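Residues per chain, in single letters:
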Amino acid sequence: AQTVTQSQPEMSVQEAETVTLSCTYDTSESDYYLFWYKQPPSRQMILVIRQEAYKQQNATENRFSVNFQKAAKSFSLKISDSQLGDAAMYFCAYVSGNKLVFGAGTILRVKS
Amino acid sequence: KAGVTQTPRYLIKTRGQQVTLSCSPISGHRSVSWYQQTPGQGLQFLFEYFSETQRNKGNFPGRFSGRQFSNSRSEMNVSTLELGDSALYLCASSLVSGRNEKLFFGSGTQLSVL
Numbered sequence: 024a025q026t027v028t029q030s031q032p033e034m035s036v037q038e039a040e041t042v043t044l045s046c047t048y049d050t051s052e053s054d055y056y057l058f059w060y061k062q063p064p065s066r067q068m069i070l071v072i073r074q075e076a077y078k079q080q081n082a083t084e085n086r087f088s089v090n091f092q093k094a095a096k097s098f099s100l101k102i103s104d105s106q107l108g109d110a111a112m113y114f115c116a117y118v119s120g121n122k123l124v125f126g127a128g129t130i131l132r133v134k135s
Numbered sequence: 837k838a839g840v841t842q843t844p845r846y847l848i849k850t851r852g853q854q855v856t857l858s859c860s861p862i863s864g865h866r867s868v869s870w871y872q873q874t875p876g877q878g879l880q881f882l883f884e885y886f887s888e889t890q891r892n893k894g895n896f897p898g899r900f901s902g903r904q905f906s907n908s909r910s911e912m913n914v915s916t917l918e919l920g921d922s923a924l925y926l927c928a929s930s931l932v933s934g935r936n937e938k939l940f941f942g943s944g945t946q947l948s949v950l
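The listed protein sequences derive, respectively, from chains C and X.
Under the working numbering, think of the first position of the first sequence as 24, with each following residue one higher.
Under the working numbering, think of the first position of the second sequence as 837, with each following residue one higher.
Mixed in with the good hints, there may be bad ones.
[To be verified] Residues of chain X clear of chain C, computed beta-carbon distances all greater than 12 Å: (1) 837; (2) 843; (3) 847; (4) 864; (5) 888; (6) 898; (7) 900; (8) 913; (9) 916; (10) 918.
[Stated by the list, open to error] Using 27 Å as the maximum straight-line C-alpha spacing, the simulated BS3-like pairs for lysine-lysine come out as follows: (11) X:938 - C:93; (12) X:938 - C:78; (13) X:893 - X:849.
Simulated from the structure, these hints should not be mistaken for laboratory data.
All values reported here derive from a predicted model rather than from experimental measurement.
A virtual CB, placed ideally from N, CA and C, is assigned to each residue, including glycine.
Can you make the complete structure from the sequences, with help from the hints?
Next up, the structure:
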């Protein structure tokens, strides 16, 4: 069964600094998709970034980038120049069939 | 373009009752998925509907059911409510059904079972 593990229940970062959230996953598939979602206090899940496994190049969206290590089954999220609005719960997710399998989440706190 | 709309935002029920939650997808989206979020179990997939047909189902008892209408709006129903059904229920829509599709989520319905 596919699983997604986020080993950091909570992380803190100073405003304008950089933080990396960790994620590992387990799958026997060779072609798949990975996602990072953000859930602020409003509860709405917002897609942060998406990575296609067959692409070697790491995905980047403005201040957000990933470090995708396919052989190690690792998919970490780097947030640069952290802002107060980045404070939220972050979920790593893997697509299995047509459903998302989520990790337990990492709470990110941003200090001013 | 309006986002995914879930109603109601909050709901309080008692054990044994049944409940119906509604989800209106983004205009033009034909796939709707439902997820349950609890502090203990995290986010778990309930089911997905595409063109009024259930495409995929998670590991939930038969008390959890859903349907999709011709306008792509979806409802999920939980019968004989149990305390453990208290959760945030999230709906997500996408243009079509497929694993590379971007999902757009609503703000959820918070269900409390007393």
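(request) Please work out if residue 893 (chain X) and residue 849 (chain X) have their alpha carbons no farther apart than 27 Å. (result) holds (25 Å)
(message) At 12 Å, judged by beta carbons, does residue 900 (chain X) keep clear of chain C as stated?
(response) holds (14 Å)
(message) Tell me if the straight-line CA distance from residue 938 (chain X) to residue 78 (chain C) falls inside 27 Å.
(response) holds (17 Å)
(message) Quick check for students: does the CB of residue 916 (chain X) sit more than 12 Å from each CB in chain C?
(response) holds (25 Å)
(request) Report holds if the minimum CB distance from residue 913 (chain X) to chain C is greater than 12 Å, and violated otherwise. (result) At roughly 20 Å from the nearest Cβ of chain C, residue 913 (chain X) sits farther out than 12 Å, so the non-interface label holds.
(request) Mind verifying the non-interface call on residue 898 (chain X)? Its CB should be farther than 12 Å from each CB in chain C. (result) Its Cβ never comes within 12 Å of chain C, the nearest being 18 Å, so this holds.
(message) Verify this label for me: residue 864 (chain X) is non-interface relative to chain C, using a Cβ-Cβ cutoff of 12 Å.
(response) holds (17 Å)
(message) Does residue 918 (chain X) clear chain C by more than 12 Å, comparing its Cβ with all Cβ atoms of that chain?
(response) Fine: 22 Å to the nearest Cβ keeps residue 918 (chain X) off the interface.
(request) Please confirm whether residue 888 (chain X) is truly not at the interface, meaning its C-beta sits more than 12 Å away from all C-beta atoms of chain C. (result) holds (16 Å)
(request) Decide, holds or violated, for the assertion that all CB atoms of chain C are farther than 12 Å from the CB of residue 843 (chain X). (result) holds (14 Å)
(request) Determine whether the non-interface label on residue 847 (chain X) survives the test: each CB of chain C must be over 12 Å from its CB. (result) Fine: 14 Å to the nearest Cβ keeps residue 847 (chain X) off the interface.
(message) Verify this label for me: residue 837 (chain X) is non-interface relative to chain C, using a Cβ-Cβ cutoff of 12 Å.
(response) holds (15 Å)
Consistency with the previously given hints is maintained throughout, with no hint failing.
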